[in-house]
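Participant: Residue-level listing of the chains:
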Amino acid sequence: MQFFKKAAAVGVTTALVSLAGVSQAGALSYSGSSCEDVRPCLSLYYNSNQQGSHTSFVGYGDLDSLAGYTFASNSNGKGLPVKNNAASAFFLSKTPDESAIIYFNSNQGGACDWLWAQGGRYSIANRLQNTYNENASLRVKDGEAGRYDCYQF
Amino acid sequence: MSQDIGRPLRITLLACALLVCATACGGNESRVERPTPEPASVSPGSDVAEASSLEGYLELPIGKYAFTPDELDLISRAEWKLTRDCMREYGLTYELKRAESPAKYQPGSNRRYGVLNSKVASLQGYHFPESASSGKQTDLSEKQLLALNGQPNQTIEVNGRKVPEGGCLGRAKSDIRGKYTYAKGAEVASAIAVDSFTESLKSPEVVKATRAWSRCMNDKGFSYGTPLQALGAAENSGKEITKREISVATTDIECKERTGLVKIWSGRESDIQKSLIEENEKDLALLAESHRRVVSKARSITR
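So the sequence lines, in the order shown, correspond to chains P and G.
Numbering of the first sequence is given in my numbering, commencing with residue 1 and proceeding in unit increments.
Numbering of the second sequence is given in my numbering, commencing with residue 1001 and proceeding in unit increments.
Bear in mind the hints are in silico, worked out from the structure with no lab data behind them.
Careful, some of the hints might be misleading.
As a list, the in silico SDA-like pairs of lysine to any residue whose alpha-carbon atoms are at most 20 Å apart [what the hints assert, rightly or not]: (1) G:K1143 with P:S73; (2) G:K1064 with G:A1288; (3) G:K1239 with P:S65; (4) G:K1143 with P:C35; (5) G:K1104 with P:I101; (6) G:K1184 with P:S48; (7) G:K1143 with P:S34; (8) G:K1202 with G:T1226; (9) P:K78 with P:A67; (10) G:K1097 with P:G59; (11) G:K1162 with G:T1226; (12) G:K1184 with G:K1097; (13) G:K1064 with G:E1281; (14) G:K1143 with P:V38; (15) G:K1239 with P:V38; (16) G:K1239 with P:G68; (17) G:K1064 with G:L1276; (18) P:K83 with G:A1234; (19) P:K83 with G:S1237; (20) P:K83 with G:Q1229; (21) G:K1184 with G:A1285; (22) G:K1239 with P:G59; (23) G:K1143 with P:D37; (24) P:K83 with G:K1184; (25) G:K1184 with P:N49; (26) P:K83 with G:A1285; (27) G:K1184 with G:P1061; (28) G:K1097 with P:A67; (29) G:K1239 with P:C35; (30) P:K83 with G:E1235; (31) P:K83 with G:P1061.
Here are some of the chain P residues that sit facing chain G, going by a computed Cβ distance under 10 Å [claimed, not checked]: (32) R39; (33) S48; (34) N74; (35) K78; (36) D97; (37) S106; (38) D113.
For glycine and all other residues, C-beta sits at the position ideal for the given N, C-alpha and C.
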């Protein structure tokens, strides 16, 4: 299902500052439109089913807020803010245990969506049903401790 | 899941409250260095802090439909075995290391209701407690990555063999969870875990308790409408942890204890979840049954 966003505010796009190349200390690194063969790599898409523009983050750790990041690849939604706008995700890992969690709120707060490691159609979130339009922060970890961070069903 | 982390210990928290007041009244804005994570050290969860009594309220009814840590450990072992076997089929090694024991709860890491652990907050403020498990695995070659992950929407070969969808990891996941999990049930359970949260935010009891928490914070000189607003505030999310941030975070917990916010919030969420569980009884029963099949399959692989 192609899922287009309400947020078509063109003015917002130009006002946003791209954070390309900037990474927080001990945090996930922004890698723009490509994973650059780095794993784990979490890509967030503007549309559901991994459609539209996307932006990627590599490595382990936390991203306290998606504020300021914009969709990077050349497709629908490019330049729009990622925060509260990602509809689907794809997570590439290099072990079965690496997991990615997308939270409702900044600083890993509130409810969450948990993504298991790369596994064909089962590794993806075609629709971030839980944090859709709320996604605010991320956490990628090595190890299956996700059970305590976010229920796994 | 049984976190077995008990109920509120008022005496301990009162002691914490006094400590917080002493810190908060200082008004010192000087910065403290954020501790450097040591990936090789033992879990901070076991050495730095224990789960707090407030964290006991994080146990919610829908949790009984989630995989337990032991089950996840078993599934993980099976997936590692399948992944290694698959990589061998492509003439490739796969020497990455797997954690040997089931993961334990890292105190302070579940922030569904904001910060709940005063010991962690007194060190980290609102910053996420560093995890010993967030270490780094060794790098893999381009060929290994292709066999491991495949290439989305492309048919590729490695060493003359066609790579399955999602690569070796994809096959391992699909062969266990993918094949046996009742997908609709997993979606229903997942939605309940979140709908109860969003619904609870509108509940009159939670709104009232949140206002009381906000007044309590205001009395201490901190102006925040909700605990999640305090958690996500820019001044509490900087690159460095500030003394003010620590004061706000510890006062946040003290006010939660004083107003009973977490108990009320968790109680409301539990009620909402129980009702949703009843409405979706059939799908959840099928989910539980499918989980038994997943676990059984994983056990057969690890034998």
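Participant: Identify every previously stated hint that the structure contradicts and give their numbers, smallest first.
Facilitator: Failing hints, ascending: 1, 11, 12, 15, 24, 26, 28, 29, 31, 33, 34, 35.
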